[in-house]
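Engineer: Work out the full structure: start from the sequences and follow the hints.
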Amino acid sequence: FLLSTLGGQPRYLAAGSASFFAGGDSIYFHRGFNRANRQWILVSGIDGIVADSIEVKGNAFTLGNVMPIPGSRWAVAQVNDASGIEGLSVARNGDIVHGLKIPLLRGRFGGASRDAVWMIATSESSPLQNIVRIGFNGVTGKMDSKGDTVHSGTVTSFEVTEDGKSIVMDEGSTEFALWSMTPEQAIKGDFAENGLLARSTTAIPFNLSRDGRFLVLSDPSSRVDSFGRAWILKPVEGGAQISIAGRHLNISVTDSANLIASDRTADGIRMRWINFQTGREKSSFLLPDSTIGAITNLADSGWIWIEPDAQSFKIQRTPKSAPVKVAIPSWYKTAYTLTTSSDGRYAAFVGWRAPSEDSAGIGMISTEDGRVTHLWAAAGEGAAVSWLYDGSILVQLQDTPESTTLYKLTTTGEVTRLGSIPRPITSISISRDMRRAAITTRDHKGDAWMSRVELVGRR
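The sequence shown maps to residues 123 to 581 in the working numbering.
Treat each hint with caution, since some may be false.
[As the list claims (entries may be wrong)] For lysine-lysine, the following PhoX-like pairs were computed, each having C-alpha atoms within a straight-line distance of at most 20 Å:
no. : residue 1 : residue 2
1   : K223      : K179
2   : K436      : K455
3   : K530      : K179
4   : K223      : K268
5   : K442      : K455
6   : K442      : K404
7   : K264      : K223
8   : K310      : K447
9   : K310      : K179
Just so you know, the hints here were simulated from the structure itself, not pulled from any lab data.
Structural biologist: This is the structure:
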């Protein structure tokens with residue numbers, strides 16, 4: 123949002139990243155963090171009206187922060203793809219210089235001074251966040267091949283002065299809490315202590331089984347890497363938890379005995395049907411491209427997924443059939459999440475409106491003939507969908523970065539507002555019978571510090 127320090131109403135700008143440049147008279151920004159092969163850095167005045175754009179090309183990537191370098195013609199844009207993070211130097215005329223490649227996904231660029239770009243990076247072996255300074259040449263647009271760690275701690279955000287001699291950082295504390303309740307309790311704000319499942323100082327990856335009987339969540343004692351993490355299953359109504367063998371990118375529990383595991387392999391992404399009661403693998407399906415978007419099953423035999431360009435789907439109706447490609451309608455710029463009906467005949471998806479990305483739209487695909495129907499749209503930071511057992515679609519609309527409103531949507535486009543959850547939340551999973559919800563809330567206590575940065579030696 124654009125905020126006037128003299129008062130007045132906030133003005134919506136984008137659901138992505140934004141930064142002032144040219145002394146504060148102009149803005150670099152982009153809309154959203156969706157994966158695609160082409161992205162645009164937008165240029166506007168302080169009125170927020172787009173006057174120009176800079177195209178960035180890649181392979182199924184997302185754009186992160188865009189940070190103008192003070193006193194130069196350059197900005198550094200963060201590019202995230204399957205291989206890690208890259209800082210691209212982008213000139214005002216559209217010239218691009220490929221910069222430092224960081225082979226990890228656990229980091230982000232967060233600031234810029236006249237002679238350096240700055241980022242927060244973490245490692246698999248430590249929970250601490252490291253503020254790293256990377257030298258920058260304002261004439262050539264090139265970055266140093268190595269960075270210097272300036273600070274290590276529990277940093278959630280930071281900013282650096284133009285001369286690079288001072289940084290301000292937030293070393294506060296964040297508590298995440300995982301709750302089990304009904305959707306009605308969530309809308310009423312009834313987060314009772316008897317529904318509290320876990321507390322953590324880091325986010326807790328989880329999802330609820332489709333029938334609401336099991337909760338699958340990340341094992342907090344395991345390490346996380348590019349091949350995934352260890353997972354455990356907990357019966358919602360009590361009972362012994364089940365450890366899932368191996369490391370997986372994601373786990374989706376389909377019923378009281380079976381789950382789908384997403385695994386990264388040397389050949390791509392393999393989807394495995396596993397009976398978690400016996401540990402036996404029932405079947406598997408290999409996707410040779412590890413950069414695909416969302417994927418979900420069609421009943422017991424087929425699959426549907428979003429292609430890396432985020433502008434088309436592929437439908438594999440049976441294990442031996444050839445996949446069918448279906449383009450998204452022109453209303454959508456990109457698609458980014460999927461859910462399927464119980465019989466596998468239909469899929470619902472969420473996508474951003476083209477070209478402005480100012481609304482999230484919900485569409486429906488017939489997996490039998492590939493026909494796509496646009497159902498509904500609303501302004502918001504994003505949305506998620508799940509197909510309910512009664513045949514309707516549950517929409518979780520993210521009104522703000524930390525609030526969610528629930529809607530029921532029919533396949534004919536009729537929508538009913540169920541209510542908003544009156545707490546800052548980071549994730550929510552609801553069973554398909556609407557009887558059970560699992561929710562993560564986030565409570566942050568900020569603590570700001572200013573520190574001087576001094577060069578203590580030469581490399």
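Engineer: All the hints need checking, so say for each whether the structure fits it.
Structural biologist: Verification of the hints:
Of the supplied pair hints, the one linking K223 and K179 holds, its CA atoms being roughly 16 Å apart against a limit of 20 Å. Between K436 and K455, the direct Cα distance comes to roughly 17 Å. Compliance with the 20 Å bound is thereby established for this hinted pair. Only pairs whose Cα atoms come within 20 Å are accepted, and K530 paired with K179 is rejected, the gap being roughly 37 Å. Simply put, K223 and K268 have alpha-carbon atoms about 10 Å apart, close enough for the 20 Å limit, and the pair holds.
Proposed proximity of K442 and K455 is contradicted: the alpha carbons are some 31 Å apart, above 20 Å. Between K442 and K404, the direct Cα distance comes to roughly 16 Å. Compliance with the 20 Å bound is thereby established for this hinted pair. For the hint linking K264 to K223, the alpha-carbon distance of about 12 Å falls within 20 Å, and the restraint holds. Under the criterion of a C-alpha separation no larger than 20 Å, the hint pairing K310 with K447 is inconsistent with the structure, at around 43 Å.
A distance of roughly 45 Å separates the Cα atoms of K310 and K179; the hinted pair therefore is violated under the 20 Å criterion.
When the structure is compared with the earlier hints, violations turn up for hints 3, 5, 8 and 9 and for no others.
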